[in-house]
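A.B. asks: If you read the sequences in order, they're chains P and S.
Residue numbers for the first sequence follow our numbering, so the first one is 1 and each next one is one higher.
Residue numbers for the second sequence follow our numbering, so the first one is 1 and each next one is one higher.
No lab work stands behind these hints: they were computed from the structure.
Where hints are given, some of them may not hold.
[As the list claims (entries may be wrong)] What follows is a list of derived Cβ distance ranges for each label pair:
no. : chain 1 : residue 1 : chain 2 : residue 2 : range
1   : P       : Glu-304   : S       : Thr-248   : 31 to 37 Å
2   : P       : Lys-490   : S       : Ile-278   : 47 to 53 Å
3   : S       : Met-62    : P       : Ser-82    : 51 to 57 Å
4   : P       : Gly-258   : S       : Leu-106   : 26 to 32 Å
5   : P       : Glu-277   : S       : Leu-314   : 54 to 60 Å
6   : S       : Phe-65    : P       : Gly-191   : 36 to 42 Å
[Claimed, not checked] Under the rule of at most 27 Å between Cα atoms (straight-line distance), these lysine-lysine pairs were calculated in the BS3-like manner:
no. : chain 1 : residue 1 : chain 2 : residue 2
7   : P       : Lys-272   : S       : Lys-146
8   : P       : Lys-239   : P       : Lys-223
9   : P       : Lys-221   : S       : Lys-146
10  : P       : Lys-537   : P       : Lys-221
11  : P       : Lys-218   : P       : Lys-537
12  : S       : Lys-221   : S       : Lys-122
We put the CB at the ideal spot given by N, CA and C, even for glycine.
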Amino acid sequence: MNREGELVKMKSFLFAGTAAILASATMSSQAEELKIALSSEPTAADPHYHNLSTNNAFVQHIFEALTATDANQNVGPSLAESWEGVDDNTWVFKLREGVKFSDGSDFNADDVVFTFCRVLNNENNVSGSFAPDVENFASVEVSDPYTVKITTKQVEPLLPELLSQIYILSDGILEHGDLSFDPANGCGVTGEWPSVDSFNNGSMTIGTGPFVLDDFTKGSKIKMSRNDAYWGEAPAWEKVELVPVPSAGPRLAGLLAGDYDFIESPAARDVKQLGEEFGYTAKPSSRVIFLQMDVARDDSPFIEAEGGKNPFQDERVRRAVAHAINREAIVERIMDGFAEPASQFVPSEMFGAQTDPVPLTYDPEKAKALLAEAGYPDGFKVTLSATNDRYINDSQVAQAIAQFLTRVGIETDLDAMTRSIFFSRRSKREFSFSMGGWGSTSGGAASFLRQYVTTGDKERGVGGSNYGGWSDPEFDAVILEAIETVDAGKRAEMLQQAGQMALDKLGLIPVHFESTLWAYRDGLEFDGRMDQYTMAKDIRPAK
Amino acid sequence: MLLFTLQRMLQSIAVLLAVSVAVFLAVYAVGDPVELLVNPEATQLEREAMVSRLGLDQPVWMQYFTFLSNAVQGDMGTSFVHAEPALQLILSRMPATFELVFLAMLVASIIGIPLGLYVGLKEENRIARAIMTGSIFGYSIPSFWKGMVLILFFAVWLQWLPASGRGETVSVFGIPFSFLTVDGLRHLAMPVINLAIPNIALITRLTAAGASEARMQDYVKFARAKGVREKRIVRRHILRNILIPIITVLGVEFGSLIAFSTITETVFAWPGMGKLLITSIYQLDRPVVVAYVMLVTFIFVVVNLLVDFTYALLDPRVSLSERMS
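Looking at chain P on its own, in the form it has when it is part of the complex (with noise of 0.2 Å):
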């Protein structure tokens, strides 16, 4: 080929370009477009990849659940209308009529059905998180179109909420006969279960969500347009851009360019400083900072004290750590503002919280009496272990905590460190003393207990975060009885039994509930979500 040839070849090219910059250009002037800068990728747009509050909050654009969680994590109706628990172990879900896949499609129970099996045929997941739970399905019945029993093998009374986080696909993208809940047969299903590429590249990501997805390049956009099919309140946003920027500096800068409409998780002291072009939300999350202790050892690795013996299994060392700490001081100064103190392991809004809980105040001369009283009254030594780089101001908290504890006589040494060896040295059971975070995502207060509180039990699924060997039997009791109580009242009532019981003896220590920020540019409204999720849909216009 001739250099000319390829000259005109790269004119094609240019001009092709300056067309779509232009076409770009009069799109946005609509101001029906919208471009989300996220803190972190998805790493799939298949909703049954990776159970991340990331990937499940892009999901959501696209694919909707039979039940859906409002912005304080409440469990409200989606794809089924409405359900009822038949017995402890039978829930029958009625399902929405009228409703349709971006394809055209129908939604009907055959697609739930179709949805389930496919969480348990599906060979590339990261985590299996969405497993579980259909495991515990002893039978899906199907009575008519739009009626689906499910009978569980356990008692599960967070079944509504599970399902929430469980998107439901369309049969349509898969060659199968009469669908039923058989997954030992394939469920009727002939064609091979799709893999995570079918749905990042877009052939099989059919949803009934108001988006559908238009393109999904990995490490540099999400591109989504409405779903004019949609049943709900149609979203404000034609067309609407997810771009990954993980630093919070580029991030922010993007918005002041105007580059991004709005941003993930600005820097607090940013936000304070953002001119009046721009807006922000803060809304207090579910998770909490909180401090472990072990009390498992009598000779803890990190521990230096009298006798060699471990003053964490001291009640009294454990409420003068508590009482040495100024939560307000850590929320003022550390964080800006944007955290709660906190005095329970969950927000109070929160289904089974304490409603009003005895706060942990701040008194440096009741730690020390206490720890007289325990006989340290020359304190003792402990390193605190904390991460630098997974909750908002980590090291800077830690540094706090660890200079008030010094003052009561507790002499504390810190030893922050980047997430990823911190979480593996945990769960080896490295520290004597850490400080963790913790999102509940379900379940309201029983998921920070069940995880934390309880003694560890493999075959159970509890204490799979309780590093620090905490074990009462009393509040085990409580605990693993709430769990499988169905009535929701009933459930709530003991829910607070064992928080309080918990809060007695301080097995952990609560410190704040982090605040979660997002930043936009003028014109534009966000409430916020409690469990962090950010959605085109939630963003509005200001009127």
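Go by the hints and put chain S onto chain P.
C.D. replies: Just chain S now, kept in the frame of chain P:
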């Protein structure tokens, strides 16, 4: 020639093997990927299922030999996070990085060589001294800070250029490129400048040093005495002779920028290999990190080989067999 190539190949394989052991052990020591991958609410049983599915329950040496035997067959493992072959994942990000680095090196040579010649030939001039002083700054200002200042200046204050991302791309043979669209070029401008600045400084200094030495050489003096035009002296007698170190440095810099333009890519959210590496390290996506380092080693080995060949083309005195000994 054949002997030389063979010997270099064997050396390269030894290097790759040594690097593979080192990186595998290093990545293994960093931490447990399962803790980052698994949903925090997962039960102990789910965790264990994941550990055995990823093969992390095997002893290190076993994991290494599985990796090695797969690698020999061209399979560098599958990403824990993306469930995609690691090599394919990295290669899919390569064009973006390649484009960035190629343009940066082009800009660096186009600006750096003339500047360096100017300085080297007119050393006592005030402008020349200013350029040399400037080059020290250009080389020593940290990339991250420089990138943020560029963004602040051109994107936030002047609002001339977009702050981050890749912009519109055009596919050529199925590979997306940004430099063929205006929007793409606007997105490319700042990261290219950011990468180019230290290299402009480096090339300027190298060229200047070479030129000032070369202009004192007898052959230049002789040419001048013979009455050769100044332009021809610079191009034919000086530049030609000082190009060898410049080409060497360009080659090495090209390789290291391909491998480690991580900071620039992170600051400008440029979807290249460097950004992938950083994310993978944070997520402890071991196969991707290992494959990345292996690929980079491979690239370096190849680049060095190419530089050796280029020497021979530029300097007829260098023969390949001679360099071998």
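A.B. asks: Give a verdict on every hint.
C.D. replies: Each hint tested on the structure:
1. P:Glu-304 / S:Thr-248: 31 to 37 Å: violated, 56 Å
2. P:Lys-490 / S:Ile-278: 47 to 53 Å: For Lys-490 of chain P and Ile-278 of chain S the Cβ distance comes to about 49 Å; the hint holds.
3. S:Met-62 / P:Ser-82: 51 to 57 Å: holds, 54 Å
4. P:Gly-258 / S:Leu-106: 26 to 32 Å: holds, 29 Å
5. P:Glu-277 / S:Leu-314: 54 to 60 Å: The hinted range 54 to 60 Å holds for Glu-277 of chain P and Leu-314 of chain S, with Cβ atoms some 56 Å apart.
6. S:Phe-65 / P:Gly-191: 36 to 42 Å: Between Phe-65 of chain S and Gly-191 of chain P, where Cβ atoms are some 37 Å apart, the hint holds.
7. P:Lys-272 / S:Lys-146: holds, 25 Å
8. P:Lys-239 / P:Lys-223: Given pair Lys-239 of chain P, Lys-223 of chain P holds - Cα atoms ~7 Å apart, limit 27 Å.
9. P:Lys-221 / S:Lys-146: This hinted pair holds, its Cα atoms lying about 25 Å apart.
10. P:Lys-537 / P:Lys-221: holds, 18 Å
11. P:Lys-218 / P:Lys-537: Distance of about 22 Å is within 27 Å: holds.
12. S:Lys-221 / S:Lys-122: holds, 16 Å
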